[in-house]
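Visitor: This is what each chain is made of:
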Amino acid sequence: MKAVIELRDVRLAYGAHVVLNGITFSVHRGETLCVLGGSGVGKSTILKLILCLESMDSGSVTVLGHDLCSAGRSEIFQVRQRMGMVFQGSALFDSLPIFDNVAFALFEHTDLPLETIRERVREALAFVDLDFERVGEMLPSELSGGMKKRVAIARAIVHQPEILLFDEPTSGLDPITTRKIDTLIVKLRQGLGVSSIVVTHDMQSACRIANRVALLQAGDIIFMGTPQQMLAAENPYIREYLE
Amino acid sequence: MPASDLSPLRLLDRALKSAAYRVQKYFDLLGRVLVSSVSRPFYGRDLTQQMDTIGVGSIGIVALTGLFTGMVLALQSSVEMRQFGATIYIGRLVGASIVRELGPVLTALMVTGRAGSGMAAQLGAMRITEQIDALETLGVDPVRKLVAPRFLAALIVLPMLTVVTDVIAVLGGLLIAVVKLDLTATLYMRSVYQALADTGFIFRFIPIDLVQGLVKPFVFGGIMALTSCYYGLNARGGTEGVGRAATHAVVTSSILILTTDYLLTQLLIALLVE
Numbered sequence: 001m002k003a004v005i006e007l008r009d010v011r012l013a014y015g016a017h018v019v020l021n022g023i024t025f026s027v028h029r030g031e032t033l034c035v036l037g038g039s040g041v042g043k044s045t046i047l048k049l050i051l052c053l054e055s056m057d058s059g060s061v062t063v064l065g066h067d068l069c070s071a072g073r074s075e076i077f078q079v080r081q082r083m084g085m086v087f088q089g090s091a092l093f094d095s096l097p098i099f100d101n102v103a104f105a106l107f108e109h110t111d112l113p114l115e116t117i118r119e120r121v122r123e124a125l126a127f128v129d130l131d132f133e134r135v136g137e138m139l140p141s142e143l144s145g146g147m148k149k150r151v152a153i154a155r156a157i158v159h160q161p162e163i164l165l166f167d168e169p170t171s172g173l174d175p176i177t178t179r180k181i182d183t184l185i186v187k188l189r190q191g192l193g194v195s196s197i198v199v200t201h202d203m204q205s206a207c208r209i210a211n212r213v214a215l216l217q218a219g220d221i222i223f224m225g226t227p228q229q230m231l232a233a234e235n236p237y238i239r240e241y242l243e
Numbered sequence: 001m002p003a004s005d006l007s008p009l010r011l012l013d014r015a016l017k018s019a020a021y022r023v024q025k026y027f028d029l030l031g032r033v034l035v036s037s038v039s040r041p042f043y044g045r046d047l048t049q050q051m052d053t054i055g056v057g058s059i060g061i062v063a064l065t066g067l068f069t070g071m072v073l074a075l076q077s078s079v080e081m082r083q084f085g086a087t088i089y090i091g092r093l094v095g096a097s098i099v100r101e102l103g104p105v106l107t108a109l110m111v112t113g114r115a116g117s118g119m120a121a122q123l124g125a126m127r128i129t130e131q132i133d134a135l136e137t138l139g140v141d142p143v144r145k146l147v148a149p150r151f152l153a154a155l156i157v158l159p160m161l162t163v164v165t166d167v168i169a170v171l172g173g174l175l176i177a178v179v180k181l182d183l184t185a186t187l188y189m190r191s192v193y194q195a196l197a198d199t200g201f202i203f204r205f206i207p208i209d210l211v212q213g214l215v216k217p218f219v220f221g222g223i224m225a226l227t228s229c230y231y232g233l234n235a236r237g238g239t240e241g242v243g244r245a246a247t248h249a250v251v252t253s254s255i256l257i258l259t260t261d262y263l264l265t266q267l268l269i270a271l272l273v274e
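Chains Y and U are the protein sequences, given in the same order.
Going by our numbering, the first sequence opens with residue 1, and the numbers climb by one from there.
Going by our numbering, the second sequence opens with residue 1, and the numbers climb by one from there.
One thing to keep in mind: the hints can contain errors.
Distance condition first, Cα-Cα at most 27 Å in a straight line; then the derived DSSO-like pairs of lysine-lysine [to be verified]:
1) U:K17 <-> Y:K148
2) Y:K2 <-> Y:K48
3) Y:K48 <-> U:K180
4) U:K145 <-> U:K25
5) Y:K48 <-> U:K145
6) Y:K2 <-> Y:K148
7) Y:K48 <-> Y:K180
Everything labelled a hint here was simulated from the structure, so no lab data went into it.
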């Protein structure tokens, strides 16, 4: 299988604090990789490196065949248009109504007529179980946390990206909404065939959505395998993490 | 931190490097804004919206500033000028000082306080809540989408707002001249015109003072928008960081405006007057 994301020996430190100590992994087409680990171990930083929102000290990041370390600004923006990101806090544009939030990428990068854009937004919102007629004109501040997360997913998928990145998509949500979001992530993989990296603390979520999981500790990946393999692992840190 | 890292020389070295890095980032932002302002895609709707926010939204505050500055200027100078029987020159004094200096500088400072702090706070909040990262991940350059429209809007509206301040300040002076100093409106206005005519004209009909007074706000607008956006984009550390960004934006913009005013005045006098 072809790797759509590949990180090789990526190192990053903030002064004396080493965040990533030479991590290497790849994600294949149609695969969901969950990155697990305690707080502050650099899980979200990995997503930022993949999106080139942060620069690393050494190593390489290749996304969809583009080496982002040597890419220029316009090439990076082009690669980003083929990706979608769901932020931990949803990061919806608070001055824009939901329709404009979801349609943002279509308005920016396509010449589609307004009616087609409305239809695409309607489909994306329906995919995340939201009613366009009900929420389309609402502002993000009028939505609950779970609804914001779902709108963020709709915004990330509306332009049909090949890669989706999720930063703690279920943090702060109740178990029912968490399961709904998990189901959506699986639906995205099965329905649209997108490759995903999901950063999470939640092992139960990881078991539901991931093909593979990676466990990060002190800047290193100490485990990479299927969720079942991780559940059966005997490494003391993994046992402690799971319990 | 190890003791060797706290030596005065090491701290000075670090502070200088950090300052140089910030200056480099500031000018890098300026370069990117200039390129974004003259190349596609162009965010016309955002530009109009910003012109409305900065321009229309600031009319009230600059009008009030102009009115009271003109009135105070006329009132204060009348105390001294009356002793020499020179109150007929009040118009000259108000006209020259407002159009050359006070109009551009006070307008820029007031707009910085009102719109500049708003820009820094808005962009800072967007940075803290990852909305700027979201823009980037959607393949949109935040400098092009957020900074360039604010920069261009400030360049366009600051001279216009300065004209508003100038006119209202002159009218404020007129009010005092007529009501308190018993001058006629014609005498006062002729005196104002005389002040502007004294330094000469460009193309025979544009007073040099007016050119000076309109070049300055153009530059001040750029400084205010760029500095405010710079602090907003680089905000860190939650809501406290947003507040800090707004404060730094206003303080730094004001200092830069006052410093640039001196340098620009020197330059414009050398170019236009001498």
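Visitor: Take the hints in turn and mark each one as holding or not.
Guide: Tested hints:
Of the supplied pair hints, the one linking U:K17 and Y:K148 is violated, its CA atoms being roughly 42 Å apart against a limit of 27 Å. A distance of roughly 22 Å separates the Cα atoms of Y:K2 and Y:K48; the hinted pair therefore holds under the 27 Å criterion. With a CA separation close to 66 Å, the supplied pair Y:K48 and U:K180 exceeds the 27 Å bound. With a C-alpha separation of about 18 Å, the suggested pairing of U:K145 with U:K25 holds against the 27 Å cut-off.
Simply put, Y:K48 and U:K145 have alpha-carbon atoms about 21 Å apart, close enough for the 27 Å limit, and the pair holds. Our distance criterion of 27 Å between C-alpha atoms is broken by Y:K2 and Y:K148, whose separation comes to about 33 Å. With a CA separation close to 25 Å, the supplied pair Y:K48 and Y:K180 stays within the 27 Å bound.
Checked against the numbered hints given earlier, the structure breaks hints 1, 3, 6 and satisfies all the rest.
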